[in-house]
Amino acid sequence: MNSRLDPRRWLHYLLAPLDGPLTLLILILVGYAAVVMVSASPERLGTLALNTAVAFSVMWIAAKTPPSRMMSAALPLYAIGVLLLIAVALFGDVSKGARRWLNIGVTRIQPSELLKIAMPLTLAWYFQSREGMLRARDFFIAAGLLLLPVGLIAKQPDLGTSILVAASGFYVLFFAGLTWRLILPVAVVGIVGIGAIVAMGDTICQPGVDWPGLREYQKHRVCTLLDPTSDPLGKGFHIIQSTIAIGSGGVFGKGWGKGTQTHLDFLPERHTDFIFAVLTEEFGLAGALFLVVVYILLIFRGLFIAAGAPTLFSRLLAGALTLIFFTYAFVNMGMVSGILPVVGVPLPFVSYGGTALVTLCLGVGMLMSIQRHRRRVGT
Numbered sequence: 061m062n063s064r065l066d067p068r069r070w071l072h073y074l075l076a077p078l079d080g081p082l083t084l085l086i087l088i089l090v091g092y093a094a095v096v097m098v099s100a101s102p103e104r105l106g107t108l109a110l111n112t113a114v115a116f117s118v119m120w121i122a123a124k125t126p127p128s129r130m131m132s133a134a135l136p137l138y139a140i141g142v143l144l145l146i147a148v149a150l151f152g153d154v155s156k157g158a159r160r161w162l163n164i165g166v167t168r169i170q171p172s173e174l175l176k177i178a179m180p181l182t183l184a185w186y187f188q189s190r191e192g193m194l195r196a197r198d199f200f201i202a203a204g205l206l207l208l209p210v211g212l213i214a215k216q217p218d219l220g221t222s223i224l225v226a227a228s229g230f231y232v233l234f235f236a237g238l239t240w241r242l243i244l245p246v247a248v249v250g251i252v253g254i255g256a257i258v259a260m261g262d263t264i265c266q267p268g269v270d271w272p273g274l275r276e277y278q279k280h281r282v283c284t285l286l287d288p289t290s291d292p293l294g295k296g297f298h299i300i301q302s303t304i305a306i307g308s309g310g311v312f313g314k315g316w317g318k319g320t321q322t323h324l325d326f327l328p329e330r331h332t333d334f335i336f337a338v339l340t341e342e343f344g345l346a347g348a349l350f351l352v353v354v355y356i357l358l359i360f361r362g363l364f365i366a367a368g369a370p371t372l373f374s375r376l377l378a379g380a381l382t383l384i385f386f387t388y389a390f391v392n393m394g395m396v397s398g399i400l401p402v403v404g405v406p407l408p409f410v411s412y413g414g415t416a417l418v419t420l421c422l423g424v425g426m427l428m429s430i431q432r433h434r435r436r437v438g439t
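Heads up, the sequence shown is in our numbering, so the first residue is 61 and it goes up one at a time.
Possibly wrong hints are sitting among the right ones.
[To be verified] Straight line, CA to CA, 20 Å or less: simulated EDC-like cross-link-like pairs of lysine to aspartate or glutamate: (1) K318 / E329; (2) K318 / E103; (3) K318 / D287; (4) K279 / D325.
What the hints contain is simulated information worked out from the structure, not anything from laboratory work.
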């Protein structure tokens, strides 16, 4: 048989770039997503399959790409991303009161998605270039690189994406050795601020009270989190219905396809941001815990890859990408459960949405590339 037509050779070619544990975990998550999607929104199953095929192709290509090539692409990607964000601010399409999309003729793009990957790439490249010469000013320069796109994204406004981009950059700063003397004051201010909002909620949530730096709808999100019943048919509807769905699931759930909140159309955005509520209503606490365990294993595998990475760039990038998965899951579950404001962050690898799935699988592919490169260096 011609070796070029040997199916075993082709199978080896396809599987060689992939990391076994990561691939298995992603397949479990995507399979779980398909099961829930059949119940939540079966008409979207075909598009989900197409999105998954595209995302896995991107993951495979990223896994084949050496980390050195990723590092060389970091600064151009960052520059392109920032320029596109500026173009959005000047010429972007306005939809639902937000200017997030850029029309390029054949389609519309959301440049902020690019920064979820370009940001950790760029900061990892920066610290790699400063390895052995790090000073305090380098962290301030890195913080400036981070704050520029975060500010542009927050201005659109897109609080959810700005949080994710900010988190991805902060993780690189933290792993690079950011001192606790700078972290603790910010953390203390944040805790005090949250405590003040909770304590004075009844006063500052009154109509006519402006919150500096926040839009009116962002104020409503926080105030609704404090008391969803203040607007049960408006801003509080999402949280009330999702917490009812989660609570009614019990330990083992109502059964697949039997969620009343889902199928009686009480639960909004049930196939995207609030799919965790669908999952918990139908599969209960057991189904939610299974999902959490899979996420924990995914995070442990990513941190294991980061710990064994051969270069500073690879370690910083792998650590940041891994904790981005954690941030996605934590923020989504928190907002659906009513302990965080609703900010439009999808449940990683489970929520319906092609752009988010492609971005996440790109991150997984980078982790696979780092692991594959480590094996080659060690041989």
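How the hints compare with the structure:
no. : hint        : result
1   : K318 / E329 : holds, 17 Å
2   : K318 / E103 : holds, 17 Å
3   : K318 / D287 : violated, 29 Å
4   : K279 / D325 : violated, 27 Å
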